[in-house]
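Work the whole structure out from these sequences, hints included.
Quick mapping for you: the protein sequence lines, in order, are chains A and B. When the first sequence is numbered by our numbering, its final residue is 467 and no position is left out of the sequence of numbers. When the second sequence is numbered by our numbering, its final residue is 92 and no position is left out of the sequence of numbers.
Calculated from the structure, these hints are not laboratory results. Heads up, none of these hints are tricks.
DSS-like cross-link-like pairs, simulated, lysine-lysine; straight-line CA separation at most 25 Å:
| id | chain 1 | residue 1 | chain 2 | residue 2 |
| --- | --- | --- | --- | --- |
| 1 | A | LYS284 | A | LYS445 |
| 2 | A | LYS240 | A | LYS177 |
| 3 | B | LYS41 | A | LYS240 |
| 4 | A | LYS357 | A | LYS68 |
| 5 | A | LYS99 | A | LYS110 |
| 6 | B | LYS79 | A | LYS99 |
| 7 | A | LYS76 | A | LYS301 |
| 8 | A | LYS457 | B | LYS41 |
| 9 | A | LYS177 | A | LYS217 |
| 10 | A | LYS76 | A | LYS112 |
| 11 | A | LYS57 | A | LYS217 |
| 12 | A | LYS231 | B | LYS41 |
Note that the structure is predicted; figures quoted are calculated from it, not measured.
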Amino acid sequence: MREFELIIIGGGPAGITAATEAARMGACVALIDENQHLGGKVFGPTGNTIPDSTSDKIEHNLRRQILKDLDRVGDKIAVYLNTEVWDIVDQRMALLYAKEGSAGHLKHIKGKKLIISVGAFEKAIPFPGWTLPGVFSVGGLNALIKKGILPGERFLIAGSGPLQLVLADHLIHAGAKISAIVNAASLRDIAARAFQLITSIDAFRLRSGVEYLWHIKRQKVPIYSSYIISKVYGSNEVEKAEIVRVDGLWNPIRGTEQEISVDTLAYGFGLIPCTDLTRLCGCKHFFDERLGYWRVELNEKMETTVPGIFAAGDGLTIKGYSAAIEEGRVAAIEACNQLERVDRREADRLLRPSLRKLKRFKRIGQIMDTISSPRPGIFNILTDDAIVCRCEEVSVQDVVSAVADGAGDVNDIKRRTRLGMGHCQGRFCGQVINELIWKLTGIRKQREIFTPRTPAKPVPFACLAGE
Amino acid sequence: MDIGDTFEIEVDGQTILARRGQTIAEALLANGLRALRTTRKQAPRGVYCGMGICYECRMIVNGIPNVRTCMTLATPACKVTTQDDSRITFEK
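The following block contains the structure:
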């Protein structure tokens, strides 16, 4: 077993910056990522079709810069690509699974300090038909388009959040036909936040936003505000979508349904932090009602409630790569101080500029999240035939029956229906199961989350046997 | 990044072209193949999250079932088979 001073899990903007910073201070670092490349979702490899929007250019340059910085201290960093962390033992030892075709066969590594920077994934509310091939997460479809792949002909973008506009712009550049953009937020909600947003975001983001809107308008793409998707039809793939108007609380208004002929749907309500590893480590978490997701509790130096375990990036709250970079830096400096690689005074001096920047990013993140965060009425699209748990094919009807049989809480539903026991480990159904139970029982209990289990990701049996 | 350099992969006995640097899922989608798996209840599934979280794009790759095609690079001559979950009883 190899030992390191610092193990960093997740090689996106936060992880890369943390590794670079710690290596500069002389720490012996391991950087692990499950992809074949570093960079995460935003700074991963793209095809030759990246449109030249202001944001894309800035992202491209920043990506090159942080990878170059990493390379300069690369001899001090052991990078494990294509490698999953499926368990963390005693809050110090990471159990690894190197996927087929990857070089490292190392099973366990040990670190004195840990930084978890695993990023985020899509927030989604199930609706009938959302399991059909042709329904993608907004982020997932965007990544495909950036690599030059168009997985359909007529696209519909539905849900909420700023990523809708980014995706629309990329689709337009790729020459795709967008049938409609369907946004759950009302124009009034967006306008109410617009001033706040304009006064807090970077000029280049604002410029990109205006560019996106201009391109969408020029293409005459219909935009439906205060609409959500209510159903997707198709026998083997998406053939048609039904949208419905919503009120201020996102309750569907009957009689306002419209059908749109599409073959591909991008769906999501912004992003939520990936908390499975911090939960597995026993770090304290809390549900942020305003942002609409579970968050790990941290002090301002990015340390969780478990001493020596830090977290950084969109795995905390959704603020984007600029904030992730600063958080990665803060976590690394603080970890290095604990490792006695840098004294307190010097650490504080180094921390100051990043902490100052982070204050501003926090505000932007909150504005974005409050616009995109689903409102309670949307749970009414969860009709009986909607699949809640994609992996185990558990429908709303199955949950209704379990509740009728006396199931009253999340883990009870899990035991009775297998909801949350499948391959994705409840990452999607876990987002809505509380609301569904509250709706069915009429009692709003305390919010629960599935108990974290090992392995955090499915691994071959041989891996568990430690052979 | 160089995404030129194409090669062939086999999908359910048919040959399709993939580009170096593409994942299996990307190569399939680029060729219009979107239904990649059927569930135990025989419902079709395809790529959903595209980032290794949802596990919907699992297929049989070179004889190994449950491989996330969105996380696995396409390699020359790799053999990919549509997965039927009702016929997978144990992992080999």
